Amino acid sequence: MNYDQARWTHDDETYEPLLSEKGTRDVEVESSLPDDLTRDSLELPELSEPELARHYVRLSEQNYGVDSGPYPLGSCTMKYNPKFTEDLAARPSAAVHPDRSEESVQGTLGLMHGLQDQLARIGGMDAVTLQPPAGAAGEFAGIRIAAAFHEANGEGDQRTEIVIPDSAHGTNFASAALAGYDVVELPSADDGRVDLDALDAAVGEETAALMLTNPNTLGLFERDIETIAETVHDAGGLLYYDGANLNALLGRARPGDMGFDIMHYNVHKTFATPHGGGGPGAGPVGVVDRLADFLPDPHVRQTDDGVFETYTPENSVGHLHGFAGNWLVLVKAYAYIARLGDDGLSDASAKAVLNANYLAERVPYDVPHGPFHHEFVASAGDQDAADVAKRMLDYGVHPPTTKWPDIVPEALMTEPTEVESKRSLDQLADAFTAVADEDDETLHAAPERTTARRIDQTTAARNPRLSWQALDD
Amino acid sequence: MSGQRGGSPYAPHTPDETAEMLDAVGVDSEEDLFDIPASVRFDGEFGLDARSEQEARRHVGDLLGANDDLTEFLGRGHYAHYVPSLVDHLSQRSEFITSYTQYQPEVTQGFLQVLFEYQSMLVELTGLEIANCSMYDGATALAEAALLADRARSVDGTAVLVPENLRTAQFEVLENYLGGQDLHVETVPTVDGTLDVDALREAADADTAFVYAENPTVTGAIEESLREIGDIADEAGALFCLGSDPVALSLLQRPSDVGADVVVGDAAALGVGHAYGMGLGLFACREEFLRQVPGRLVGASEDQNGVRAYTLTLQTREQHIRRERATSNICTNQAWVALRTAIHAASLGPQGLVDLANDMVDLPRALAADLDAIDGVTAPVHDRHHFREFVVAVDRPAGEVCEELETDGFAVHQVGDTEIQVCITDVNEHAADDLVAAFEEAL
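Line by line, the protein sequences give chains S and F.
If you read the first sequence in the UniProt record's numbering, its first letter stands for residue 1, the second for the next number, and so on.
If you read the second sequence in the UniProt record's numbering, its first letter stands for residue 1, the second for the next number, and so on.
Note that these hints are calculated values from the structure, not bench results.
Check before you lean on any hint, since a few could be wrong.
Derived SDA-like pairs: lysine to any residue, alpha-carbon spacing no greater than 25 Å straight-line [said to hold, decoys possible]:
1) S:K403 <-> S:D382
2) S:K83 <-> F:Q92
3) S:K22 <-> F:Q92
4) S:K83 <-> F:G6
Everything numeric in this text was worked out from a predicted model, so none of it was measured.
So that you can see chain S by itself, here it is in the shape it has in the complex:
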């Protein structure tokens, strides 16, 4: 492999210096306001535009993106981000203020209506809100909708529990707790799927909802989904679909058809909007008819005259974002779906699943369960998965997600996505194979070829220094 990071070194103590080390200025604050309403001074970096350009270009050269090489992070779905969508989101006509009159933003509302419709079709849902600004925010929105539904049925006080499989994303647990629910953890069966007996024991009249990822985080389709749905529904609970793994199902199965009542879509995963170093994303939420009345405000609809307007559903839970969500991300998602259409979306899933299965076949590690959808979890066995990851960096590839889900020892959770070629997958497999043969000493010493060598995370946590002001301490 041939990926090497730039290594801009300043001296023995820093790589690229901090902005503050390049030059700050402490300015005295003067204004036409009374003195007691203003601060005295402000000290911040002051650099010329060329200096800033170099600073950020150097930093970018010390960062790995999907455009740098394969990025097979399981459950994060890091796929190529088309460039044209960036241009569309940068159009002045996209940059409007949210408090404009509805007549004057028919384009914005029309696009939102279109995306609501696209997502509803893809998920088999009856209504969609675009408001949640991330997947976890979508989970929280979905749980608030479920809570409002039970409340409206007079069961708000009774249904105090959310059931979540042990293999689920951590956000599921956190979102349920944030919404005030007790979490009931559902142990997985030996084959990594939902244990139906355990499910029977877990759900009851306290159950508000079951949150499920399908295919799950091991890349396995929950084949008993109809039984699971029936069990939850019979108990009076709702079934929530975590859309993190939807990229595996496009055009093959829809959450709505499987019996799910609520779902979120991670547009930054399934619909290729950039994660941007950790966000922004967007987490639209789809619901079936009986829950449509509870969707957040605002929702967009089209009148008989063809005019787009926002409205507040009758039992709306209200806002979950200060305005209408991460709008520019939604523009990119709409453009991506408009580019791919039925055939492109379906092919994306086909190739993502093919890539995962092909790579799983080639990795030298024990892959405990199968067959796989978009991702698989290998076990590094005697090796430390974190060390394996660091060593993979030396082979010029980004490692998979490590040590999660914790039901697999030394887990390497790998999701190549549809955008990797056979050659690229072979290179990834070669890196896995090379690392698997190496001794612990070599692994502990890795990485050697990156800008920074192995970083001491323990000291960072024990002695937190979170700003340049804290560096002198």
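Based on these hints, arrange chain F on the given structure of chain S.
Same frame as chain S, now just chain F:
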């Protein structure tokens, strides 16, 4: 495959490669890999057309083109300042925008350093010791701050006190976030767009968990009683949370000087511009709350060679480790927006920020004076200093006036039967005289 119709344009597989890979896996077709029972298999079509890049671009361009081209004098929590081209070009570097959360710090030093620098700039702007590296927006940041109060305080209060003029959406977000917790929201009256300090003193008692004030407030008024508000919160044993933004913080009283425990707000006032409400939640707090802080934190450490390097830290607070006991459920945040804000702030520098902030005091003062000179207009309505925006009273129905202004090409807020709110910044000041003329015509 690439360039052709009928598949994903971003999947690079040639038919031969696909065949080889299927062979290696041991199946005849891709469909054989889908382990989905026939009863839930989807055999229909979405009915979504595929388009070439050019067609998709034209389609979305046409759609957005239906927006009217208006000069916006709009604010109320979502602000636009001129974003230098530098910000677009550098933030679009694909190593930044196509990267993920920095779980492997050795290959994400660039982004980690940017976020560390972003946190540091917020520390200087707020005077507080800790800043995280983003929440979704100002509304969710406020809600997270209230939840922090619930976790971090020793007393048992349950009331979250907010100004009565809090934006409706912000109020609803707060109620949603507190809905599952033992906290409730109460409003405090306002005078001239700022908190009624006497009413706050009445309201604050042992049951008060959290006191929220804004500077500037949603009407653009500069709050003159921050120290008193902070003292009242302190006496009640409540957390004092201040709402602001990076431009206002460059000029107005430093939150740490008035006793703020937490500062929240929408930091996207720098770096983004009007984006239909897409924001960047600012979150800074005192050091004693470090282990209760929601969201991600970047810390400085050292690498194996003893050279300073950065990493995500204190992740045991986060949902992927702590699950239902995490300090928040946030995972994907607004990192790239924070990068844009940081570059914008750095490009202005301290003097540039102070100059910009001073303009945000002087421009509304001048615009208000011009509007006030019109018969039938009173501006500003509130006897306060203003930042960016102010309320105007008109002696005609405000709805009609707003419609006429829109016909003339201007967007303003209607905030009452006879009240209009106007926001002026560096991006619309060139049209201020035209706005005044349009007001003149309407009245």
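Comparing the hints with the structure gives:
1. S:K403 <-> S:D382: It holds: about 13 Å lies between the C-alpha atoms, which stays within 25 Å.
2. S:K83 <-> F:Q92: 10 Å, holds
3. S:K22 <-> F:Q92: 23 Å, holds
4. S:K83 <-> F:G6: Holds, at about 20 Å.
Against the hints set out earlier in the document, no violation occurs for any number.
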